[in-house]
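Two chains, each in its own frame: build the complex with the hints.
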Amino acid sequence: MKRKAWRFLEDKRAITPVLSNVLLMVVAVGVMAIATTATYAITTNLRENMSERVIVEDVWFNNSTGNISVYLRNVGKISIHVSSVYVNHTSQPFTNPFNLEIGKHGWLDISCSWVSGSLYYVDVVTNRGTHVGGYYKAP
Amino acid sequence: MLMLSLIGGLMLEAITRRLKHDKRGVSNVIVVMLSLVLIVIIVGNVVLWSYQMNQLDLERMQETINIANVARITRSSWFTVQNEFSVSAGSRLSGTYTDTKFIDDFHETFREEIASIPYNPSNYTLHGSSTFISGSLTDLQTDNGVYMQFRSYPSAFSSVTETFGNTVAGANSRNTENTIVGSLFTPTKDGEAQSITAYIRMTYSSKNMKCAIYLHSNLSLVAQTEEKTVPISTTWITFNFLTPKPILKANTEYLLVAWSSSGNGNAYLYYNSGTTDQGHYVSSAYGPNFPNPMPNPTHEARAYSIFCTFKPATEETVEVEFTGTSSTESWTNLTWTVDSCFTADGVSTTFQLYNYQTEEYPASGDGYITATIGTIDANVTQSIASDPARFRDANGNWKLKITGTNAVETPFDFKVDLIEFTVILFNIYRLNVNNNLVIDLSTYPLDYVHGIEILIRFNTTVDTEKWFLKTYNWSASTFSDNGFNNTAGNQPTLNEWNDYAINVTDNWRSYVKDDGTLLVEFADEGLNTTQAIAEIDFLGVRAIIDGTRLDLKNSGPLTTHIIAIWITNSTNHQRHNVNLYINSGEEKTYIGADITLPKENFIVKVVTERGNIAIFPVS
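Quick mapping for you: the protein sequence lines, in order, are chains A and B.
The opening position of the first sequence corresponds to residue 14 in this note's numbering, with each subsequent residue numbered one higher.
The opening position of the second sequence corresponds to residue 843 in this note's numbering, with each subsequent residue numbered one higher.
Think of the hints as simulated: they come from the structure by calculation, not from any bench.
Incorrect hints may have been included.
To be verified - For lysine to any residue, the following SDA-like pairs were computed, each having C-alpha atoms within a straight-line distance of at most 25 Å:
1) 1441(B) to 76(A)
2) 90(A) to 973(B)
3) 90(A) to 1421(B)
4) 150(A) to 993(B)
5) 943(B) to 1391(B)
6) 1087(B) to 1153(B)
7) 1243(B) to 993(B)
8) 1395(B) to 899(B)
9) 90(A) to 1424(B)
10) 150(A) to 909(B)
11) 1447(B) to 54(A)
12) 150(A) to 1418(B)
13) 1153(B) to 973(B)
What the hints assert, rightly or not - To give an idea of the chain B side of the interface with chain A (calculated C-beta under 10 Å), a few residues:
14) 876
15) 877
16) 887
17) 895
18) 898
19) 1406
20) 1408
21) 1411
22) 1417
23) 1421
24) 1425
25) 1449
26) 1454
Unchecked claim - Here are some, though not all, of the chain B residues that point toward chain A, as calculated from beta-carbon distances under 7 Å:
27) 873
28) 881
29) 892
30) 1453
From the three backbone atoms N, C-alpha and C, an ideal C-beta is built for every residue, glycine too.
Isolated chain B (complex conformation) (with noise of 0.2 Å):
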């Protein structure tokens, strides 16, 4: 260094006497300085460059990574409860769910009660012509604002008709013989067709014509008219729907058309300009009925004189029934509860529910309930002591009718948000609790889980019932054992902790949501008529897989990457890529389960970020 600042003072020196000397080298002199300087940048940036290159070999040559063991394995750690527990029949006593995530000292205490088991509909039917809008039953089984939907039909009618179509007689025509013509039009009103006029002109003979209404939508026929004999004329003819009559939509586009037989000379249907695409006609050699649905048909701008005289709705109906499972044990109490509303205001509404000691929905009293519902969602509820049990069949079967009728002319919705059966078993306690578990899916992707596996460790205070085990199936929405390898339950001894393990290596796929969420339900046998304490010290799942564990060490002074585990033999060479860090110093396992280990001699090999390989043969 001394040595350099020496030569740099001495050239400094040399320079700056010549510089007095002769000033024309100065610009010479800049111009090897700048050029002197761009060489050392060059330079230097190699010597950098050359630095960090020997500072990545130093950290690979530090890096020291060791396989301790490898393992086969087939079953994942425990996945335990993360909320407390849900109880739908009994009360809990002592502990929290902490107290269940281990298998020690701690234990969570739930005890028994007189059961009040809720149900919720697992069917329905519509009666008149009420139709499903949208929703499902599961929506029924919360008061939560989510409902379920249907829309009413019109159920009465006024004796006043109205009509829609045009009652124009047109100037020009069309002949209907084999061919089926008419135009698009749309009522404004709910109502029931009484008959379809058209402007004929019969030339020649008389023939034989009907009429009929299509639902534009799909093409569908309605409903077709009487066959009338028309003579030669040129008139409006009248042709009358036979019963029952069709039950036409508000705002629902129909299509008039009227059809004549074939004989000497035309049967033509007048008409005027229409809209786009209103006027309709297709060949179709004439029948005793219209073709359902109309074929294809040919499109022109046309308003046909064809129009559709109607009874307007004076009152709107919509019934539903629901019908639903329940216990054949005996009941103490029945209480039945409905949450609903409707998209209009003043419907007066009746709740029945099927009486099967007299075979009919009552009229009154217990299983009878009428009020006036709007917009608003209302809370009807009833409480039945009396022989409860008449309103179930011997399969424990009920069903529930609801029946909303409003005086007006549009349809409306009615919107059903909770319905509840619930019953109070006679003398009968029952303890029944669910929680969620979640699988860790970063360590168990689905892809790799076999099955699953579920561990309950309970005492109880009564020994004379067995305990079960399920789980929620996501698909069919209830709590099933289907495909457990044990669904006979367990029997426990008194006085010292049972351990109730299952699994399930079939079907176990609609227990496990997309999220790794199980939700597993533990329950009595319903048989208790002494009241019942049951401890849970702990309650797990796992998945069951053919995976692998590494224990690892990171023996080296720097944090090691590992990016990649390989599995070899003589048959194959596999590579699985891997993300795990490990600090300094520090042991760590990794759990595989997308890896499947041969069944004997192969070689596992670790591959660091840096480039460093630990291998651990197996034999």
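Isolated chain A (complex conformation) (with noise of 0.2 Å):
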């Protein structure tokens, strides 16, 4: 043993395979370990942007106000936050920062007037760009 010992000491020939082997190994872990960050970062976006489920459960014309109001549900399986609400294709204010939790439910007032009897393309869009809305006639 103790020879054994003796010879390893003396023998300097295996140092360089052994350092080259340790540095491979920490690039290749250094590289796996992005590659694996990235792909979680990319497929957490992906699951994110899939599980949004919004719906329109009412629009009101509303008199009193002047307004659009619009009575959205999220049905989907993350919460939701509304960035951007468009009238027929136009960006209009609204009620902001307007959240919904999963399985809650509110109204979202959009200051737009109005016309009664003319048909309004509302779409609303969430931060991660999913698009909810459709025609509806004012009354």
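Here's what the structure looks like:
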């Protein structure tokens, strides 16, 4: 045993291969860690986008306020945040911030004047890019 | 799959070959494999998630809910009896309560009987110094161990006097001129106060003084003594109480005080040290009467040299008079019953029913019972067959006095469980049945109920009298028809079913308990000298509402969960939360007592949990 240890210390030829192997391993682990993190980040984003489901329960062309109110309900599996609202493809101000947790619902008030009998395309967009809306005729 | 297996096999073979030739690459391969495993797990998670969301979308697409009809409803469904009828007059011949749940060929049959009508007290009066302790008159309606309680007062006193207070002449003193001064003391026995004695030093001139007793709990004046002109001296002075002398209760804190007019010199009341806050004094200009209640006094740790002489009680008495109402018809018999006990043993008790002919409580015979009663319930009863009407006045009022006397020094309580005054009417047949009806508050919350409607369908063999519906008024604790649209009763037609319906839109809430229970009574007018048989085919109650009925159908292959109903028109968009499950292929009716429909032109929408909406326009 003592002799083997002495031989190991005397023989310097194995140091270079060991160092190279260690370095290679570090590089491999690093690269794969980056790859794994990137994959996780990308797939998380993908999963969140897939999980968004919002429905419009009601659209109210409100005579008393002069605004358009949209009743939204989050039927998906992730909370949503409304980032933009378009009426006839024109961005409109609304009650911002408007967030809905899973299963929650509420009125989204859009500050937009309307004319009785006209057709409006209301488009609500979340911060993840989900669109919900449709054509609604003002009474 | 075959391709993947082939590729995997080749990769494994290549890796094995390389490992055989180059063992330095083993670690790198393991690292790469682990990373691949991680990536596979993450990607697999995404794929699984995608599958779940697709499943959700698929279910949503498959869900089909339809609104078949929407209608305004003004009445709930009928709620019928759930237990057998209670018969307080008459008897049950055949059938059961289940026969009264539907309008059909089945009915429950009752028969009128010679009426025995029980009455209970509707009021009470305390006599002597008896005091009310607890309970209510409703506790006297049943012999159930729930009592109405009253406390005795001392009614006879010893000839030997005792004292309570500080009988020691103190070393220090406080001036009582225009100042009420005294200390707290507690007697251990009931008794009649005779006098108050105080150790007083009067200087320079004589002055008028008097003493008093205050009840410490509320500083109310119990009684004051005679006034005396106290000469210049240092001595015990006794001030007597005038008749009627005050009654003192054992173990009650009393404030014994002295009060002097002003003049030359002082009118000192002596004291020695007492317990914390035992001493009380307050400035008050001397006058003919002590202030009542005592103005807010200042406290000090002094026991003033003042005491009360009293005659301890040798007898305690409790005396209560109960009054009630009854019928004015002819009676063949009167039975009166009292179930009661005391908190002391051996109480001599007298029960007396007032005789309106002699205008006094009898001392023997009919209307008079004596008994010695202790701590165990005793039931005393007497039946009067001879001229029972003398124990009521022209309006049917009666009164009953109970007196309990015991030779003790401390008070006791009288506990009365039941007082009943039962009369049997002369040649009059009566029927009186009642039963509980319960409105389903989960469907028809009381906040959305505007009234109640009661329907009875019955038939009788005698048509010479009317029949009445009444409902128990939970606030007034009596059956009533106050607020009914029809209080005149129903005159039946022989040999056919008679529908007698009443509705209550005012004051209806008094008739419905918070849990939706109504107690409905069905009774005859009380005129029949011929014994009648009454058949009840149906008895029910329903709520008067302004609600909505939706007929829904689930045509899809999945169970659907309705979570909201929208009622929208040009002026209002109203959402109502709902929790209704409909199985696949099932038709269901939803009653919304809280949903009021607009008059015209509106849209009803039903929203499911998955996000589908069914629409029903009404114009």
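Comparing the hints with the structure gives:
1. 1441(B) to 76(A): Answer holds: residue 1441(B) to residue 76(A) is near 19 Å, not above 25 Å.
2. 90(A) to 973(B): With a Cα-Cα distance of about 69 Å, the restraint between residue 90(A) and residue 973(B) is violated, given a limit of 25 Å.
3. 90(A) to 1421(B): Satisfied, since the Cα-Cα distance of roughly 20 Å is no more than 25 Å.
4. 150(A) to 993(B): Violated - the C-alpha atoms of residue 993(B) and residue 150(A) are around 79 Å apart, more than 25 Å.
5. 943(B) to 1391(B): 23 Å, holds
6. 1087(B) to 1153(B): 10 Å, holds
7. 1243(B) to 993(B): This hinted pair holds, its Cα atoms lying about 15 Å apart.
8. 1395(B) to 899(B): Holds, at roughly 21 Å.
9. 90(A) to 1424(B): With a Cα-Cα distance of about 23 Å, the restraint between residue 90(A) and residue 1424(B) holds, given a limit of 25 Å.
10. 150(A) to 909(B): Since the Cα atoms of residue 150(A) and residue 909(B) sit roughly 22 Å apart, the hinted pair holds (cutoff 25 Å).
11. 1447(B) to 54(A): Violated - the C-alpha atoms of residue 54(A) and residue 1447(B) are around 41 Å apart, more than 25 Å.
12. 150(A) to 1418(B): 23 Å, holds
13. 1153(B) to 973(B): Within the cut-off at roughly 21 Å; holds.
14. 876: 8 Å, holds
15. 877: 3 Å, holds
16. 887: Because about 7 Å separates residue 887(B) from the closest Cβ in chain A, which is inside the 10 Å limit, the hint holds.
17. 895: 5 Å, holds
18. 898: Holds: closest Cβ of chain A sits about 7 Å from residue 898(B), inside 10 Å.
19. 1406: 7 Å, holds
20. 1408: Hint on residue 1408(B): holds, closest Cβ of chain A at ~6 Å, below 10 Å.
21. 1411: 9 Å, holds
22. 1417: 7 Å, holds
23. 1421: 13 Å, violated
24. 1425: 21 Å, violated
25. 1449: Cβ of residue 1449(B) sits 5 Å from chain A, so the hint holds.
26. 1454: 8 Å, holds
27. 873: 5 Å, holds
28. 881: 5 Å, holds
29. 892: 6 Å, holds
30. 1453: For residue 1453(B), the interface hint holds, since the closest Cβ of chain A sits about 4 Å away, which is under 7 Å.
Comparing the model with each earlier hint shows violations of hints 2, 4, 11, 23, 24; every other hint is respected.
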